[in-house]
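As given, the protein sequences belong to chains A and B, one line each in that order.
First residue of the first sequence? That's 1 in the working numbering, and the numbers climb one at a time after it.
First residue of the second sequence? That's 1 in the working numbering, and the numbers climb one at a time after it.
If you're looking for bench data, these hints aren't it; they were derived computationally from the structure.
Treat the hints with caution; some may be incorrect.
What the hints assert, rightly or not - With a straight-line cut-off of 30 Å between C-alpha atoms, the simulated DSS-like cross-links for lysine-lysine are:
hint, chain 1, residue 1, chain 2, residue 2
1, B, 206, A, 218
2, B, 266, B, 31
3, B, 266, A, 218
4, B, 320, B, 112
5, B, 112, B, 6
6, B, 320, B, 6
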Amino acid sequence: MRLIFAAALAAVLAGPALADPSQGVFGSTDKAAAQRGLLVYQTVCAACHALGAVHYRDLEALGLSPDQVAGFAAGIKMQDGQPATLDDVFRDPGMGAAAFGGAVPPDLSGIVAQRAGGVAYVDGVLTGYAAAPAGVTLLPAHYYNTMYPGGQIAMPNVLRDHAVTYADGTPATAAQEAADVTAFLDWTADPNLDARHEIGVRAVMFLVFMSGVAIAAKRRVWREVV
Amino acid sequence: MSTEVKPSWTASWLPFISNWQTGLAAPVLVKEAPYLAILPWLVSVGVIFLTLSGLVLAVYYSPAHAFESIQFIDRNVHNGWLVQSFHETGASMVFGAAYLALLRGLWVRGYKAPFAAVWIWRMAIFGLLLIAGWIGFTLSGGAMADWSLTRAAQAALLLTGAPGAFGTWFFGGPNGAGTLPRMLVFHLILGVLVLGGVAAANSARKAVTPVPPRGAVAFHPYYTTQYFVALSVFALIFAVLVFFAPRFGQPFLNLVPADPLVVPAKLLFPWYLAPLSGLGSLLPGIYGGIIGVVGGLGVLFALPWLDRSGPNYRPGALYKFLTLVLALDVLGLGWAASTSSGLGSVLVMVFGFWYFLHFLVLTPLVTAMEAE
């Protein structure tokens, strides 16, 4: 069932890839990676985690067409049995603490901004599972994770090679899936990054110019008195 | 037939404009005042900017759903993220200018007669800004902000007498559904009070600033051009922060929604509140915290009397050196109060002790020595 859903999702997402993978101060959201990450998110993470700050309509910002987003939402059955609409927030799976030994799966909307290390931390947790070293006794229903503070996490290692099939042909290794879903969550935590940097470059250029004009005017006016 | 010149429309109906024009053109100012003397003006420009951006935020903000409503502004209001970032970063800019203006005031002894009244008004503005800044922080509804509010409200309930009565009235009891709506009202009214303080400080400054006997210049065009330079550079720094470091100086754990069942290991504050939070943690107990915060601000108010030199003494080398050490001390205090390492609590003690030592012991001693 999950494979069928993933394949349907991959077909929906097979649109033009709008990649701009530059990062850094002038970086923008890597939309191709975030689109792949959305597929991973919906196939794997959404089973337990909510994404309460994101509406389905927001996905258009990732470069999906309105039809693609509508198709994506229509494929999701909300708690009341109706298909999701564009104005619904991501379906809350309503996972209680009982399922994971007392640990409630956190809402992931802002997880990248809420954790020290941000992207590196989220990617590190997803890829940080290892066998517990000798001398470490794991708590019941916990797993050893090198990135998680304290080393014991209640979330099992959920990413496997080929858990999804990417429409753009990217090999779906577990590490690739982790990087992609991290890119998606980076976008959900900071959805205005692209607009911010785009306006920012123009604003800073203008203000540098204005400061230059101001300094020239000040010198010109003061030349006659000093 | 009358030969009188018909007064212009603005002179008849908006006479304050011609008053401004006369004031701007009057040659009463010294030549080439330093750029740093513009900092208090930048603070008031920043406060007006915060008032306008805060007005936009206030129409979308709901104190009953503090965290969610800011998420809503950031994600679902057109350009809401921009206005929210304007307000948050604008607060950083106002405090940056205020801290620098404070440092310059210490450096040039701007609190000496006849400027003592101006200094007191400016310290009142600084105190009001810090209170408004803290309340604004609590309005974010994040984990750090909400727990800070919870602790303050609980502390107020434990006070007795007049402070207790005021605290209970201010917070309205323990942190609950009614607390943030009160904080919102106080945040707005404090902004207005700051603008009133700016007006009072300006008139106090004008009353005591002497007109230079020779070579005085008018505000326009000389200082309008200089202020324009300062404002452009101020706006440039602001734009860099807004667009490329929008969370500058804010504790990232405050981006986690508040949970009444999850207590932060250590309360963290925005950078501009961190030094004061360090002073508040110097002494144990509720009254210890109040003494630390009130005392930390109180020594600034008392500076005109702590400085033992006469009116005509220029600051000596030792005093200037100690002022720079104090600046580093306050930076260190803020850092130590914001770090979660065990060293932090020790360094808060050291830096906090030096802060009070500087004002209560070293300042009277050094100024009296240098005045001889």
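Do the hints match the structure? See the list:
no. : hint          : in the structure
1   : B:206 - A:218 : holds, 24 Å
2   : B:266 - B:31  : violated, 50 Å
3   : B:266 - A:218 : violated, 48 Å
4   : B:320 - B:112 : holds, 15 Å
5   : B:112 - B:6   : violated, 48 Å
6   : B:320 - B:6   : violated, 58 Å
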